[in-house]
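Spelled out, the chains give:
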Amino acid sequence: MATSVELSTEEGGTYSGPLLDVRNLHVEFRTREGVARAVNGVEYSVDAGETLAVLGESGSGKSVTAQAIMGILDSPPGFVTQGKIIFQGRDLLTLGGEERRKVRGARMAMIFQDALSSLNPVLNVGEQLGEMFTVHRGMSRKEARARAVELMERVRIPAAKERIRSYPHQFSGGMRQRVMIAMAMALEPELIIADEPTTALDVTVQAQVMDLLAELQREYNMGLILITHDLGVVADVADKIAVMYAGRIVETSPVHDIYRAPAHPYTKGLLDSIPRLDQKGQELYAIKGLPPNLLHIPSGCAFHPRCPRARDVCRTDDPPLYRVSQHRASACHFWKETLGDDSVPSDDT
Amino acid sequence: MSDTTLPKDPEDAAATAAEAAVPDAATALVAEAAAAQLADREPILQVRNLVKHFPLTQGIIVKRQIGAVKAVDGVSFDLYAGETLGIVGESGCGKSTVAKLLMNLEQVTAGEVFYKGQDITKLSGRALKAVRRNIQMVFQDPYTSLNPRMTVGDIIGEPFDIHPEVAPKGDRRKRVEELLDVVGLNPEYINRYPHQFSGGQRQRIGIARGLALNPEIIICDEPVSALDVSVQAQVINLMEKLQDEFNLSYIFIAHDLSIVRHISDRVGVMYLGKIAEIGSDAEIYEHPTHPYTQALLSAVPVPDPEAREHRERIILSGDVPSPANPPSGCRFRTRCWKAEDRCALEEPLLAIPTRFANVDTPAKHESACHFAEEKDVVGAA
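For the record, the sequence lines run as chains A and B.
In case it helps, full-length UniProt numbering puts the first sequence at residues 1 to 349.
In case it helps, full-length UniProt numbering puts the second sequence at residues 1 to 381.
If you are wondering where the hints come from, they were derived from the structure by calculation, not from laboratory data.
All clues stand as given, with none of them false.
Derived list of chain B stretches under chain A, where covered just means 3 residues or more per stretch with a C-beta under 8 Å from a C-beta of chain A:
{"no.": "1", "stretch": "226–234"}
{"no.": "2", "stretch": "250–260"}
{"no.": "3", "stretch": "273–286"}
{"no.": "4", "stretch": "289–303"}
Straight-line C-alpha distance at most 20 Å; calculated PhoX-like pairs for lysine-lysine:
{"no.": "5", "chain 1": "B", "residue 1": "Lys129", "chain 2": "B", "residue 2": "Lys100"}
{"no.": "6", "chain 1": "B", "residue 1": "Lys116", "chain 2": "B", "residue 2": "Lys129"}
{"no.": "7", "chain 1": "B", "residue 1": "Lys338", "chain 2": "B", "residue 2": "Lys375"}
{"no.": "8", "chain 1": "B", "residue 1": "Lys116", "chain 2": "B", "residue 2": "Lys100"}
{"no.": "9", "chain 1": "A", "residue 1": "Lys142", "chain 2": "A", "residue 2": "Lys161"}
{"no.": "10", "chain 1": "B", "residue 1": "Lys375", "chain 2": "A", "residue 2": "Lys280"}
{"no.": "11", "chain 1": "A", "residue 1": "Lys102", "chain 2": "A", "residue 2": "Lys84"}
{"no.": "12", "chain 1": "A", "residue 1": "Lys288", "chain 2": "B", "residue 2": "Lys241"}
{"no.": "13", "chain 1": "A", "residue 1": "Lys280", "chain 2": "B", "residue 2": "Lys241"}
A few chain B residues facing chain A, derived, Cβ under 8 Å:
{"no.": "14", "residue": "Glu90"}
{"no.": "15", "residue": "Ser91"}
{"no.": "16", "residue": "Ser198"}
{"no.": "17", "residue": "Gly200"}
{"no.": "18", "residue": "Asn237"}
{"no.": "19", "residue": "Arg313"}
{"no.": "20", "residue": "Ile315"}
{"no.": "21", "residue": "Leu316"}
{"no.": "22", "residue": "Asp319"}
{"no.": "23", "residue": "Val378"}
Ideal Cβ placement from N, Cα and C applies to all residues, glycine included.
Given only the sequences and the hints, what does the whole structure look like? Please build it.
Here it is as structure tokens:
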């Protein structure tokens, strides 16, 4: 399903490689309390037509990475201090503001969690959708309006012609998220980043919206980065998955493998701690402790204070991403033991 | 237990009888079980035909009522001692309004809530206060439900100011420290403020406050929805532990169907202000008979990529209709694939479907559908 892109770059050569390649990305927030290292060497790539799920809890750096890719990081206090974001062969971090702005929206677009606060409340949705065409494509307002209606039909908003004059608050949550998707799709970008697109929606509506997103992705062969904390949503739609913890990727894997046998104790803990719909379990396994404060990330492996496998080496040596198999990697000194272990780890190991 | 007065309730009766007979450990256990059974038959909370309509008004000076949002429209259920009743439903189905009505935080439009035979919707003043001591609430958002200007000790101790009759004599601070310990927080944190705690820890503070008065019933409105996945499990485990320890009854309101199944003994599914289906957790999850329950369950993403291939997904079209103007007849008919003319004319009642009435099957539980039919959608079988 995943194909790498071959297209001519601005410089005239051909580029074949992943659609997006993030390399050793570091982002920090300089705050009054100190420097919060939100992203510490994240690496991932997405091909055209591929869905990468970035899984993590709040504060894991998953959204900050996305903001850095989109170039919408609040700066100050946020700064990209190191790394490369190679999109279609060009390092976005070397581009100037104007060039970057051309990429944003036209080549890559973002869908946010909270559609109500992401849409402009004083413009009707037709104006907001049409703006994409008047600003980026230089269309007349009339043309733009016609395109906006088309878009709304594409994302299956009923009675698009009438609803185009409605304001965001007049839509239901699911419909609003469809408007967000329409806006992201407007210029047919190659990459879409969806940050918790269905978290605020009810399950029945969530299923509709995820289905729509997956369908559009197939149709336009877009790369999709799906940022979420929901292991269920990931299992349903992702091709591969990157698990983040304290600003680092702790495990990457094709989606099937990770559910069958996680290679990092954090992933394993997450999988064990969610109740199942199809069976009544015993007591849930709970990862002890709390996610770390980014101002004071623990030494060595950031997960060691909560890890049932932690040994001395984990307190001192930061584990690199060990290669587990051709498409899998785990940042755990004891990934082999983790892979082989199916029982719930006890706290006294 | 040598007094000769008649015990007031069946639980005492069983315990007294057993202790009088042979006071050894084995029979004590049997007696406990018997007492539990006896207590089971008598619901601790009976909710009958609960209705809450919020008026919609027009006009600034002269307000006229032009309609009503029918948030809760005829809900009945029982809660038994020591059990957890889960209530699930999508946003706007009225589940949180039910919680408020049970606490008498909102005035009911109609209906009754009996707590130990007393209708609490008719109570006010001192009598209401006395009942509320036994029914406590844990809220969804641990960030806004704790006063940021009060220390944790004051927050957890505040219920004792309101109900001085149950306040610990003398050392209140010690009792608060005990409560912190019970919910797994360091008792030394007693002088800290809410902002110094994480979301999970704050929810523990909320639970400690709920426990302070030794209530019998705790109503939990989305208690873990705001928490991270790894912290959710900690709080759920804590709640289960406390239930066993203090013999609490929970009403657990949530939209996450997996969590509700995990913690509940019985589950009620709400749609647009009414209960669509109610039964034991296995009845609802493995043998749902209402189309809405089936659609809801089938839409839940399961964290298992292999299971998804075996699951049938029912994708409902459209959104939930407005509770100000619910569809006639069956409220779910506008999104239901089974709907026929009858559904628009005749409202299905919440009852055991007649076709299952004389059969011994897990499908034999209350379901408000004319065409109730069993369907396994979670692939549990």
